[in-house]
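*Asks:* Spelled out, the chains give:
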Amino acid sequence: MKASVIVFPGSNCDRDVQVALGQSLRRQPDMVWHGEAEIPETDLIVVPGGFSYGDYLRSGAMAAQSPVMRDVVAKAKKGVPVLGICNGFQVLTECGLLPGALMRNAGLKFVCKDVHLSVEETESVFTGGYEKGQVIRIPIAHHDGNYYADDETLDRLEGDGLVAFSYCASDGGPADGSTNGANPNGSARNIAGILSDTRTVLGMMPHPERLSDPALGGNDGRVLFDHLVKALG
Amino acid sequence: MKAKVHVTLKKGVLDPQGKAVENALSALGFGGVSGVRQGKYIELELTETDPEKAQGQVEEMCRKLLANMVIEDYAIDIAEG
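These protein sequence lines are chains A and B, in that order.
Per this note's numbering: the first sequence = residues 343 to 575.
Per this note's numbering: the second sequence = residues 1373 to 1453.
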């Protein structure tokens, strides 16, 4: 199985993804520079976190117009799975592979901490390794993670089982912004990650690659990468 | 030709940054201020000399890059210069 990790000027989580994915894959993923017009044949594309183009204009806006993203979109349309993490999620909404937009955190602050997520949907190559309703702990680090979409889109995402992860309390209880502060950024419907209609594209704000090693505090992220390799390998 | 573009949040999209500015103005003693919303202003110089074509070009730029059509509106002003 081959995997590719896209690198933009300003991406800074590409190396963590390389390590986490490489651990599950048992080989190095290809690191693909944004200037490349074509990605070599691959079974999985990861768009990593960071500050591509310094978040200038809007987070992910210019990265979404990079030569490489044209090929990512083309390959995604052919069914190649694409995982967007944090800035990667922002890029995927900007290029239209996922609906909605990521806006400035409701509290206006950059939030960097572990959060709890409820795995809402396990019918996908990304989330199949978890149990439905499982509560996992994954770090977030973002300023613009506030997921927004109109009510019609939100209803459709929820109705069609396309919400992959939602922010929740540590006991799995629903995030209720004001009382338990489990929603760190004001995302609509507590959405932390969503799937495309085809369930072959996942965008998520939390960083699974940052919790894929017990020595670094936990393994909940590893399940995602292990399952991807199992499903696509 | 010179193009002036205003990119603003769509009505109904919450603007916590605008709210923060509103609060800061109030703290400074400016009463009676409400509904503060923050947007972006972008200036462009175009070699195109036909105003209609220039308008079309900038509209496409807005739709493709300058504005996020999910959450933002744009307004374009084209002038000689």
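Hints are computed from structural coordinates only; laboratory data are not their basis.
Be a bit skeptical, because a hint or two may be false.
Below, computed lysine to aspartate or glutamate pairings styled on EDC-like, alpha-carbon distance capped at 16 angstroms [claimed, not checked]: (1) B:Lys1376 to B:Glu1415; (2) A:Lys451 to B:Asp1387; (3) A:Lys572 to A:Asp493; (4) B:Lys1382 to A:Glu465.
Among the chain A residues that face chain B by a calculated CB cut under 8 angstroms, a handful are [what the hints assert, rightly or not]: (5) Lys417; (6) Met445; (7) Asp486; (8) Tyr490.
Positions of the beta carbon are idealized from the N, C-alpha and C atoms, including for glycine.
*Asks:* Is B:Lys1382 close enough to A:Glu465, meaning Cα to Cα at most 16 angstroms?
*Replies:* Distance ~34 angstroms between B:Lys1382 and A:Glu465 Cα, so the pair is violated.
*Asks:* Taking only the CA atoms, is the gap from A:Lys572 to A:Asp493 under or equal to 16 angstroms?
*Replies:* Given that 16 angstroms is the threshold and the Cα spacing comes to 35 angstroms, the pair is violated.
*Asks:* Is A:Lys451 close enough to B:Asp1387, meaning Cα to Cα at most 16 angstroms?
*Replies:* holds, 14 angstroms
*Asks:* Measure nothing beyond the straight line between the CA atoms of B:Lys1376 and B:Glu1415; if it is 16 angstroms or shorter, mark the hint as holding.
*Replies:* Given that 16 angstroms is the threshold and the Cα spacing comes to 5 angstroms, the pair holds.
*Asks:* Checking hints one by one. Is A:Met445 an interface residue toward chain B, by the C-beta closer than 8 angstroms rule?
*Replies:* Since chain B brings a Cβ to about 7 angstroms from A:Met445, closer than 8 angstroms, the hint holds.
*Asks:* Should the hint that A:Tyr490 touches chain B count as held when the rule is a Cβ pair under 8 angstroms?
*Replies:* Constraint on A:Tyr490 satisfied, holds at 6 angstroms.
*Asks:* Let me know if the C-beta of A:Asp486 comes in closer than 8 angstroms to any C-beta of chain B, holds or violated.
*Replies:* violated, 11 angstroms
*Asks:* Restraint: A:Lys417 near chain B, CB-CB cut 8 angstroms. Satisfied or not?
*Replies:* Violated. Min distance 21 angstroms.
Going down the numbered hints, you'll see the structure goes against 3, 4, 5, 7, while the others check out.
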